[in-house]
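Chemist: Make the complex out of the two chains shown on their own, each in a separate frame, by following the hints.
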Amino acid sequence: MKVERITAGHLPGLRDDEVQWHVLPFERDGLRLEVSVPMLTAAQMQALAQRVRGAADRHLRTMPVAEIIDVIDRAIARLLDRNDPFRREAEAWLPVVSGYDADMLRLGLTGYFKTFRAPQLRRFVAEDFANPAVLDGFQPAPKGGAVRAFGPDLLVHVWAGNVPALSLWSLVCGLLVKAPGIGKLASAEPLFAGWFARLLAEVHPPLADCLAVVWWRGAGGEEVDALYAQADTVLAYGGNDTLAALRQRLPMTARFLPHGHKLGFGLVGAAALDALKAPAVARLAAWDVMRYDQQGCYSPHVFYVERGAPVPPRAFADYLAAELANLQQRFARRPLDLAEGAAVAKWQQAVEWGSDDQVLIGPVDAPWSVAYGDSLQALAPTALYRTITVVGVDRLDEVVPVVAKQRAFLQTAGIAASPEELYRLASLLGAAGVTRISAIGAMSMPEAGWHHDGRFNLIDLVRMTEIEQSAEAAAQPFAPYAD
Amino acid sequence: MDKAASLLADLLAFIAMDGCTDKQFDQLALRLFAYQYENNAPFRSFCQRRGATLRKVKTWSDIPAVPIDAFKAMELRSEPALPTERVFMTSGTTGRAARGRHFHPRLDVYDLSMTRNFARRFMSGAQRLSMGILFPDEQAMPNSSLAHYLALARSEFGAADSRCFLTPEGLDLPGLCAALEQAERTGRAYALLGASFSLVHVMDALREQGRGFRLPAGSRILDTGGYKGQSRELPLEDFYAGLEELLGVPRTHCINMYGMTELSTQFYDDGNAVLPSVKSGPHWIRSRLVEPVTGRSVAPGERGILVHCDLANYNSVTTILTEDVGQWAEGGFLLLGRAEGAVAKGCSLAVEEFVKAAAA
Chain A
1 MKVERITAGH
11 LPGLRDDEVQ
21 WHVLPFERDG
31 LRLEVSVPML
41 TAAQMQALAQ
51 RVRGAADRHL
61 RTMPVAEIID
71 VIDRAIARLL
81 DRNDPFRREA
91 EAWLPVVSGY
101 DADMLRLGLT
111 GYFKTFRAPQ
121 LRRFVAEDFA
131 NPAVLDGFQP
141 APKGGAVRAF
151 GPDLLVHVWA
161 GNVPALSLWS
171 LVCGLLVKAP
181 GIGKLASAEP
191 LFAGWFARLL
201 AEVHPPLADC
211 LAVVWWRGAG
221 GEEVDALYAQ
231 ADTVLAYGGN
241 DTLAALRQRL
251 PMTARFLPHG
261 HKLGFGLVGA
271 AALDALKAPA
281 VARLAAWDVM
291 RYDQQGCYSP
301 HVFYVERGAP
311 VPPRAFADYL
321 AAELANLQQR
331 FARRPLDLAE
341 GAAVAKWQQA
351 VEWGSDDQVL
361 IGPVDAPWSV
371 AYGDSLQALA
381 PTALYRTITV
391 VGVDRLDEVV
401 PVVAKQRAFL
411 QTAGIAASPE
421 ELYRLASLLG
431 AAGVTRISAI
441 GAMSMPEAGW
451 HHDGRFNLID
461 LVRMTEIEQS
471 AEAAAQPFAP
481 YAD
Chain B
1001 MDKAASLLAD
1011 LLAFIAMDGC
1021 TDKQFDQLAL
1031 RLFAYQYENN
1041 APFRSFCQRR
1051 GATLRKVKTW
1061 SDIPAVPIDA
1071 FKAMELRSEP
1081 ALPTERVFMT
1091 SGTTGRAARG
1101 RHFHPRLDVY
1111 DLSMTRNFAR
1121 RFMSGAQRLS
1131 MGILFPDEQA
1141 MPNSSLAHYL
1151 ALARSEFGAA
1161 DSRCFLTPEG
1171 LDLPGLCAAL
1181 EQAERTGRAY
1191 ALLGASFSLV
1201 HVMDALREQG
1211 RGFRLPAGSR
1221 ILDTGGYKGQ
1231 SRELPLEDFY
1241 AGLEELLGVP
1251 RTHCINMYGM
1261 TELSTQFYDD
1271 GNAVLPSVKS
1281 GPHWIRSRLV
1291 EPVTGRSVAP
1301 GERGILVHCD
1311 LANYNSVTTI
1321 LTEDVGQWAE
1331 GGFLLLGRAE
1341 GAVAKGCSLA
1351 VEEFVKAAAA
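Chains as they are written, first to last, in our numbering: chain A, 1 to 483; chain B, 1001 to 1360.
Just so you know, these hints were derived from the structure itself, not from any lab. C-beta atoms are modelled at their ideal positions from N, C-alpha and C, and glycine is treated no differently. Any given hint might turn out to be false.
16 Å max Cα-Cα, derived EDC-like pairs, lysine to aspartate or glutamate [to be verified]: (1) Lys1228/B - Glu1323/B; (2) Lys1056/B - Asp1010/B; (3) Lys114/A - Asp81/A; (4) Lys1023/B - Asp1010/B; (5) Lys346/A - Asp1324/B; (6) Lys1003/B - Glu1085/B; (7) Lys346/A - Glu1291/B; (8) Lys1072/B - Asp356/A; (9) Lys346/A - Asp1010/B; (10) Lys143/A - Glu472/A; (11) Lys2/A - Glu27/A.
Away from chain B, derived, C-beta distances all over 12 Å, residues of chain A [claimed, not checked]: (12) Pro310; (13) Gln329; (14) Ala345; (15) Asp356.
Quick list of the computed label-pair ranges, beta carbon to beta carbon [unchecked claim]: (16) Arg1050/B - Lys114/A: 44 to 52 Å; (17) Gly30/A - Glu1208/B: 49 to 57 Å; (18) Ala219/A - Tyr1227/B: 18 to 26 Å; (19) Asp365/A - Thr1053/B: 14 to 22 Å; (20) Gly13/A - Ala1299/B: 28 to 36 Å; (21) Glu4/A - Gly1218/B: 36 to 44 Å; (22) Glu4/A - Leu1334/B: 30 to 38 Å; (23) Ala1273/B - Ala339/A: 27 to 35 Å.
For reference, chain B alone in the conformation it holds in the complex (with noise of 0.2 Å):
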């Protein structure tokens, strides 16, 4: 076996665990840090600039972390490209600014990373769940990670009439309806999953509609990515609130679940009955927050910029820099939103509203 075969082996069984130490983490993380250096030639140059050579990365902190625009400007692979690959993209608005690109040779690693975390965070238990979806499925959207997912939740863990409820024409309003109505009767427990912004736009249909359900216990909603301009700007209380008005799912089962594109690992929360709730992952992915120019991990307490080391990111790079802040808290940590490009105090132009005018 030769060594990136043997590693992918090692980095399956490590997902397979039901855990690890430290040490088990820094292992592979720095086997896959040396893999990516010896193999992405633009991480390699990154990581030189920084000065983070095999030698001086002593533990899986130490990997110098990538800005998710470098998914952008360049490829980031260790493997060659292959006709077979696929290539989730991020949401790019309007076209003008670069999506950024994550490529998977293979997916057995993403999949198994999704597999696992979700039969434990979503499913808790349940092996089947009928599934409504609210987001176009993968034959519409091949490059997004979030269709996906979502295929993959309603292949893995979906009962047999489990449907997609965003079609090309729009929301399916009455399949919907009836979908749920079913489960009322049926009294088994039904899961809807989607983007926060489809989810508002369910709400909005059914109060206008003046319609509202009570889904049987062991019912669980799954939103995700926020609203992204996509729907009205809805307070995250009112959104579970709403949630838990129209469909009868209490807050402690809304799961909220954080990814990105350029992550292969997801994170979840426990409910949302108090917010922000506390987002976690699993054994094979560790952040750190950091203060954004130096990198330098910021004091317990204060917010910082979010890192993710993700070991199921083995082709492109385990460590990435987000524009997400958030805080430690008890169990994982909070999300606080994006950072915003700072607004400029006076008459002196600032790079988003420089981008902002050049695009109008």
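Pulled out of the complex, with its shape left as it was, chain A reads as follows (with noise of 0.2 Å):
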């Protein structure tokens, strides 16, 4: 078997053979790629916040947010250049970690990156701050005095594996509100945080030493302990066991930004169900089943679909079920190792068997999976992996009561409904805890600047600094002009 290896993260100020490196073996169709990933010790953790920190001081925070768009916007055209090194490097071994469909992943990262260039990044900023300009000095506030947003003092990432490439969201994030940052690898996708930072100080390369990408195993020991004492914001991805646990060892100081566990799910209303349309609908609900095999946050579990139109229910069950099995010849699912197998296994296992209003439909082993109940049934999770739920509802209102039952867990819902319908479920499914609301076919492609879990991406990360009025007035008498 082919053996290649990768070194991972970013280590500003710390030569390779000072720190110890520990190995996550991957496997993919007779290749083994083996990435190394620094662990830290309690010492060089503290003296990499220092230096990260001071590197901020003298570099990021000195750039008018501008500059950094204008930076980011050049670390973005590089990774949507196919033939940049980076990308290059992102196309091998990202299928490889992951083990998605290499096409699948392609087209995705594009996607991705695209809602990262300079325009997307100024309505992101303009999205939170009405006068960006509150990021780089004092600015009028209209109740008179001023005001300015500083970012944190050390801004600590801790990234999931599940979807690639997805701490560029956090970085980006960070490096708008000027903040020094060490990032926390997923050991499922142990990559692109590394390569981002290495690409940043290639464009700019004062930047180098303000971001710093580590490992540890598991939740760490007092390495990270060390690492947590010194943060003011720390920014988690994960699920809510190990967010609560994460919770626990933070100081009472630090700010704490969650994304735990959620559950999207879509309504297909009536009006999307002529012969015409139905069809297309089903096709992009199958799209987003299909991204990043459903791992994502806002990926969907459940569609429920109205009865009363052309298109009956178990109809559109299976016009999803004819473009999932499309989408496998163009996208393959990843393969499942045994535990999720099983998982997938127990999961169809339990439709047929359950009631007999459920029924499974295509051949029970193939790469995905579609069950379809005739009757409401509560917003569960699918075995993930390309299985999906489609439920028949006499009315789509019937659906909110039953999704408000699980309001933690509520972030994407896709509507595929006329105009006053969206509006209308929207004002019912946002009061039940849904945060975004999306087409059918964009549930799994958030917009640029979309407000993740329902807060606000970059003013979650500041403290804004007040001159109240009083202070201005008082300066006045002290002026070497005062008469």
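Modeler: This is the structure in structure tokens:
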């Protein structure tokens, strides 16, 4: 078997031979990839925190946001260039570590990177700050006085490995608010964050020391406590249990921004279910299921489909199954390990042996699976990896109380309905806890500047410093020109 | 004699044989399949969904494997319910999940399967042994297949002074210690049988009191079922080392039984000197290792999910799909734990975590 080795992470101020390395092995199609990830001691972690803070003071905080956007834009342009060495690395190795279909990944990466070009980044900033100049200096406040936004003194990122290059979101957010950052690589995708830090250093060398990318095993030990002790903001992705344990370890004064488990679903209204429109919606729905094999927080688990239209819900489920079969030809599902396969089988069995109005559509051994239920059922997760439930309902409104029961897990809802229906349902769903409503087909492609989990990506990172009117007024008498 | 009765008689005779050929196994497996297909309606519709008909199933490994969760969802039976039937149930945790049910209109097949196999694999030639049982008795747990199994062990193979040391008040440690002391004194071999977690409790209690025993030669221990969250999770190495150290029973005589409520036959190893030990069953049960979604057998050497075809399961279904991971080994299979539901790698929710959260 051919073996390739990659050194991951980014360690400003540390030589490779000064740190301990751990090897994460990946295998695909007769190729073995060994990714070495850096494990730091508590002292090294402390020194690293000091170093990135110092560098950010000198080089990042002194940059106007417009310049930061320019630097990110140039880095993203290189990631979009399929001849660029960084992009080539990403296309070569991300399929190996994630197991995802290479073409699906290539399309996914391009679609994703496109949302980080300069115009989108400006929109991203404008989304949170009416006057983006507050990030560069004091700006007059409408109530009087002046106000300025400061990013965290040290932003710690803890990434998850479900969606490749997921780390780009929080890295960009941190940069836009001028925060020095130390991030922990996900064991399932330990590559992209380090690449991005190095790419940034190539594009704008002074930024080389403002970001560091490390790894630790599981929850980590004293070295991680040393890091958390210095962090004033921690942004983390992962399971709710992991996040709860993480929160316990943070100093009381640290700001914690968790992105936990979510459960996406879609609503298909009768208006979208005529003989012409229904197959098209089903095709888009299949794309949402296929992208990243449903591993995103925004990925759908259940589609609720309204009865009473020319295409009944059961027929919609058949269309969806056919589209998933088609997509399997273009973008094959990644091979499942024994535990993942067992989970899929268990989910299928629950459908097969469950109540009589539930059926499993298609062959059991297909690399996708559609369960159809003819009566309203709870919003519950499927086994992922392209396993989806379609539920027939009399009216979409019936779905609202059902999904409201999972309030803590709600985020994305895809809707196919008329404009009036869209707004009416959006009000009901928003009240139930949904934070993002998208077209079906765009569920797994959030747009630039979206409010992840209903929060402000940038505002949540900053603190505001105000100069009150009183200070301004009180300063007047001390001016050299005072009478 | 009607068809069902003659099938049952043949099955009992089959179990009583000393072994069988592949052909003999197949013949009986197919007769049982036809019988269950005809009389067990939920099983029949499962087979139909899988495209498995009487004509297509040509050998035991063609019989569709019923997932153990089906024992929770459906009444899998070929004979009508009887007031006298015994029902063995899986240990449902916290009452949320339904418990799997296995109906036994009569226990003669189960009992013959158990005793034939137990005599050979645990007793190894001994007629009767003085037994200490670390599990509630059948009166306390009438729906536990393990309670019945242990009651059978005691009545068929236990000496007159055999006793159960797990009372409703808990472990009777003084009583157990007295029995162990007596065995040491008299030099008569002793057998200790029970749930793995009960043996952990015994070891913990003995350590706490600073006590230990050297049971006479020929003594043996049977553990089964793992810890099920009822005791601390002891690595197997420590578990068997502890039994040898505290009770003086060599690891070659510490036998682990692998059984399931959904089966009527048990698997045993030949001691646990080397871990993981190799498990095997008698001639009336056969196993496959499959890839869980496709149900296809895995390549040799690969890990797979265990499927068992147990001919003693004459009333429910012969062939079940477990959630246990196995791997072939010389003389049987290695049991490598349960296929835990995969944990989602990121912020998409996996079923297990959701169920946990919903139960909280």
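Chemist: Should the label of Pro310/A as a non-interface residue stand, given a Cβ cut-off of 12 Å to chain B?
Modeler: holds (29 Å)
Chemist: Is 30 to 38 Å a correct range for the gap between the Cβ atoms of Glu4/A and Leu1334/B?
Modeler: About 32 Å separates the Cβ atoms of Glu4/A and Leu1334/B, which means 30 to 38 Å holds.
Chemist: Would you mind confirming whether the straight-line C-alpha gap from Lys2/A to Glu27/A stays at or under 16 Å?
Modeler: Status holds; Cα separation ~10 Å.
Chemist: Is 14 to 22 Å right for how far apart the beta carbons of Asp365/A and Thr1053/B are?
Modeler: holds (18 Å)
Chemist: Taking the CB of Arg1050/B and the CB of Lys114/A, does the distance hold inside 44 to 52 Å?
Modeler: Roughly 45 Å apart at Cβ, these two residues keep to the hinted range, so it holds.
Chemist: Tell me if the straight-line CA distance from Lys1072/B to Asp356/A falls inside 16 Å.
Modeler: holds (15 Å)
Chemist: Taken at face value, is the distance from the CA of Asp81/A to the CA of Lys114/A at most 16 Å?
Modeler: This hinted pair holds, its Cα atoms lying about 11 Å apart.
Chemist: Quickly compare the C-alpha distance for Lys1023/B and Asp1010/B to 16 Å and report which way the hint goes.
Modeler: holds (15 Å)
Chemist: Tell me if the straight-line CA distance from Lys143/A to Glu472/A falls inside 16 Å.
Modeler: holds (13 Å)
Chemist: Does Gln329/A really sit off the interface, with its C-beta more than 12 Å from all C-beta atoms of chain B?
Modeler: At roughly 18 Å from the nearest Cβ of chain B, Gln329/A sits farther out than 12 Å, so the non-interface label holds.
Chemist: Using the beta carbons of Ala219/A and Tyr1227/B, state whether their distance is inside 18 to 26 Å or not.
Modeler: 24 Å Cβ-Cβ, so the 18 to 26 Å window holds.
Chemist: Using the C-beta atoms of Ala1273/B and Ala339/A, is the stated range 27 to 35 Å upheld?
Modeler: Taking Cβ atoms as reference, Ala1273/B and Ala339/A lie about 29 Å apart, which means the hint holds.
Consistency with the previously given hints fails for numbers 2, 6, 9, 14, 15, 20, 21, ordered from lowest to highest.
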